[in-house]
Amino acid sequence: MTRLAPVAISGLGCLSGAGMNLAENLETLFAGRRYPRPPVRFSTDHPVSYPVLELRSEFTLPLDEQELTYARTSQLALAAALEALADAGLEAMELQKKRVGVCIGTTVGCALNCDDFYRDYKAGSMPELAIIERFLRSNPAAVIARHLQLDGPVQTVVNACSSGSDAIGLGASWLRAGACDLVIAGGADELSRVTYAGFSSLMITDTGPCRPFDVRRKGLNLGEGAGMMILQKSEDAGPQRERGRVLGYGAACDAHHLTAPRPDGAGLKQALREAFAGAGATPAQMAFVNAHGTGTPDNDRTEGRVLREVLPGVPYLSTKGYTGHTLGAAGAIEAVYTVACLNRGEVPASIGFVDVDPEIPVPPVIANTAIGGDMALSQSLAFGGNNAVLILGKGGRR
Amino acid sequence: MAVNIQGIGAVGGFGCGVEALRNALRQGSVPPRQVTLEHPGEAGEEFPAYLAATGELERFIPKRELRRIDHFSKMTLLGACLALEDAALLDGDRSRIGVVVASGYGPLKTTFSFLDSYLDFGYSCSSPTHFSNSVHNAAAAHVAMQLKLTAPNLTVTQFDMSVPSALMTALQWLAEDRVDQVLFGAVDEYCAVLRYCRRQFFGAGEQGPLAPLELARQTAVVGEGAAFFVLARPESAAAYGRIDGVCLGNHQRRPVRLPETDGLIVGADGHHRCGVWYQQVITGRQVAACAPVYGSFPAAAAFDLAVAALALRDGNLTVDEPPGGDGQAVDVSRLACLKFAAGGEYGLIRLSR
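Just so you know, the sequences run in chain order L and A. Start counting the first sequence at 1; every next residue gets the next number (the numbering used here). Start counting the second sequence at 399; every next residue gets the next number (the numbering used here).
These are computed hints drawn from the structure, not numbers from a lab. Don't be surprised by glycine CBs; every beta carbon is placed ideally from N, CA and C. Treat each hint with caution, since some may be false.
Claimed, not checked - List of simulated lysine-lysine pairs, DSS-like, C-alpha gap at most 25 Å:
id	chain 1	residue 1	chain 2	residue 2
1	L	269	L	98
2	A	461	A	546
3	L	233	L	97
4	A	507	A	461
5	A	546	L	122
6	L	269	A	507
Stated by the list, open to error - Stretches of chain L that chain A covers, calculated by requiring three or more beta carbons in the stretch to come under 8 Å of a beta carbon on chain A:
id	region
7	259-269
8	309-318
Claimed, not checked - For each label pair, taking beta carbons as the anchor points, the in silico distance ranges come out as:
id	chain 1	residue 1	chain 2	residue 2	range
9	A	600	L	273	27 to 35 Å
10	A	612	L	93	48 to 56 Å
11	A	573	L	398	39 to 47 Å
12	A	727	L	273	44 to 52 Å
13	L	97	A	659	24 to 32 Å
14	A	443	L	176	15 to 23 Å
15	A	599	L	33	28 to 36 Å
16	L	37	A	417	58 to 66 Å
17	L	61	A	655	31 to 39 Å
18	L	94	A	523	26 to 34 Å
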């Protein structure tokens with residue numbers, strides 16, 4: 001892996017259970033608040049009600065009649081993309097003069113999880129195809145490209161929970177390769193009855209608010225949201241427009257298990273090595289690590305061990321307690337937080353953590369903590385054994 | 399950066415392996431299987447479909463290991479194993495082989511099997527096995543686990559643009575030296591719900607025969623299968639020529655520019671909504687359209703790529719002028735594969751000997 005040219009981040013956008021835009025998200029994080037509750041948007045007959053972190057208010061977008069029928073995941077993606085474009089000071093018309101790519105990670109947004117349609121189909125009736133048509137119109141990357149009338153490459157990354165991180169890393173690669181002038185990259189996922197049932201079946205959801213890295217952690221809380229970045233070549237963005245930088249991206253596969261991380265963290269370590277090599281950076285240069293930290297026993301054990309071994313002494317945190325696990329959006333939301341925290345010079349407390357796990361001897365940050373340095377790391381571990389690591393840099397614009 | 403094609407693996411309605419594909423191409427078409435529908439609204443009705451058999455996978459992976467692997471992942475695994483075998487990479491160090499999988503719809507049958515588990519028995523009986531295999535990247539994960547591939551692993555879904563979009567990333571991984579080779583491929587599967595939807599969308603228009611160059615008519619016949627390639631940097635040996643580049647865009651906003659001298663393989667597959675775009679750019683031009691060999695499904699764009707690679711190796715390609723004809727073989731040293739989606743999105747892959 002050779003050293004890669006840095007890519008400028010000229011805009012950030014984010015919405016989640018912690019807030020409807022990046023500013024609200026940061027306010028929630030640094031105030032130490034979180035809002036897990038039983039799902040409101042759907043119901044099940046499951047005997048246990050697992051808390052989730054849904055968006056706490058509705059959002060409105062400037063959409064025409066047909067666009068309003070897009071799936072929620074795509075609308076979340078679009079909302080965060082529009083915020084990021086505004087943050088970058090870019091108008092839609094301006095984009096149409098450029099070759100703009102869209103690279104978006106998702107899990108729910110690509111799946112034909114149309115259980116109402118399927119229930120009717122199974123019952124022998126002839127259900128109408130409105131839900132299917134909606135699905136076919138709602139590929140998240142295509143929705144953004146269509147809404148903004150873009151004509152560059154479009155890609156929806158479906159690497160489970162590392163999708164958002166991968167999409168940002170790949171989007172940066174497109175710019176370096178000269179395939180685009182600008183890339184809208186990130187991730188989006190809505191809360192869904194199907195994933196709620198699926199994660200419950202795997203018995204990795206907590207019945208209370210999640211507790212990443214805590215000795216009594218029992219599992220994750222699902223969440224929803226989107227995180228987006230506007231990526232440009234550094235020379236195009238100019239230092240005064242840079243909110244941050246993508247410096248390195250590493251990815252590797254455990255090749256071990258469909259849903260559990262490899263206990264020795266070999267895949268994560270390989271992804272870290274690749275990210276450091278691409279960035280031309282060392283672990284000691286990292287101001288902090290925004291860990292995947294889902295709150296599941298297996299994930300946090302593996303991640304905690306690797307952090308101690310590869311990044312000793314570097315403060316780390318999980319923001320899943322504030323947002324829940326937003327699946328394909330998680331890596332992107334956390335990358336956005338990472339850049340914002342670098343620029344702010346502090347990280348929030350890793351909410352939910354109370355007591356040290358003897359298997360993870362170094363605890364995450366437990367209070368809002370000032371940080372120095374101009375680089376930080378955001379990492380994602382995913383079903384399928386995927387590991388993705390982003391090394392991000394501070395920007396000239398705060 | 400151009401990349402070399404070192405191996406191909408393909409399984410579909412034409413059979414299994416490169417020779418089966420080559421034989422089918424010589425014949426020009428393959429008769430699809432007749433499948434009987436079981437849905438009450440259509441019970442007893444027969445329709446054609448190009449379906450893939452995965453029995454040969456047991457040549458590569460012990461049967462016991464395949465027990466909990468669904469049809470979608472088996473097709474993926476078989477395509478991957480055949481490509482690695484063709485490139486003589488089944489043995490030895492595979493730690494620097496990345497995996498990129500494209501799929502238009504993902505594992506449909508397992509997605510619905512998971513819904514079955516809770517619709518039939520309640521949410522507390524949701525199947526964890528079906529859920530974990532319904533995630534889109536499960537097939538790529540099975541490839542990594544079975545073949546011990548620990549390099550980067552990516553799954554992309556973009557409906558009809560899945561193949562060119564994913565290929566772009568595969569080429570970029572090689573350019574950035576993230577990997578030495580990429581096992582790149584595409585897969586889609588048939589399922590009864592898909593057939594129901596197509597029946598509702600297109601009525602009786604999918605009874606065959608598939609006439610890809612009758613661009614204004616709906617003649618698509620549903621198919622399934624997997625096509626994989628071992629791609630490597632240009633300094634490596636090329637068994638099937640090379641991919642010079644891939645370009646994606648939207649024809650409505652910036653019209654596609656076709657190379658004038660290259661042979662052209664079009665992904666026209668009997669969908670009239672896509673046919674209108676082909677009509678705009680290929681009128682008066684001789685092209686190859688091979689969907690009657692493998693059927694209509696998003697991942698079939700990877701079969702077009704396999705056809706191009708075989709044509710470059712063999713030095714000739716059979717082409718027609720729309721709306722079809724007897725076909726004539728022409729010499730080829732440069733080729734392009736063009737795929738349109740219904741909205742005018744396109745992917746153009748250029749290859750050379």
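Okay, the hints, checked on the actual structure:
| no. | hint | verdict |
| --- | --- | --- |
| 1 | L:269 with L:98 | 37 Å, violated |
| 2 | A:461 with A:546 | 17 Å, holds |
| 3 | L:233 with L:97 | 16 Å, holds |
| 4 | A:507 with A:461 | 21 Å, holds |
| 5 | A:546 with L:122 | 39 Å, violated |
| 6 | L:269 with A:507 | 35 Å, violated |
| 7 | 259-269 | holds (count 3) |
| 8 | 309-318 | violated (count 0) |
| 9 | A:600 with L:273: 27 to 35 Å | 50 Å, violated |
| 10 | A:612 with L:93: 48 to 56 Å | 40 Å, violated |
| 11 | A:573 with L:398: 39 to 47 Å | 34 Å, violated |
| 12 | A:727 with L:273: 44 to 52 Å | 50 Å, holds |
| 13 | L:97 with A:659: 24 to 32 Å | 31 Å, holds |
| 14 | A:443 with L:176: 15 to 23 Å | 52 Å, violated |
| 15 | A:599 with L:33: 28 to 36 Å | 47 Å, violated |
| 16 | L:37 with A:417: 58 to 66 Å | 59 Å, holds |
| 17 | L:61 with A:655: 31 to 39 Å | 34 Å, holds |
| 18 | L:94 with A:523: 26 to 34 Å | 53 Å, violated |
Of the numbered hints stated above, those contradicted by the structure are hints 1, 5, 6, 8, 9, 10, 11, 14, 15, 18, listed in ascending order.
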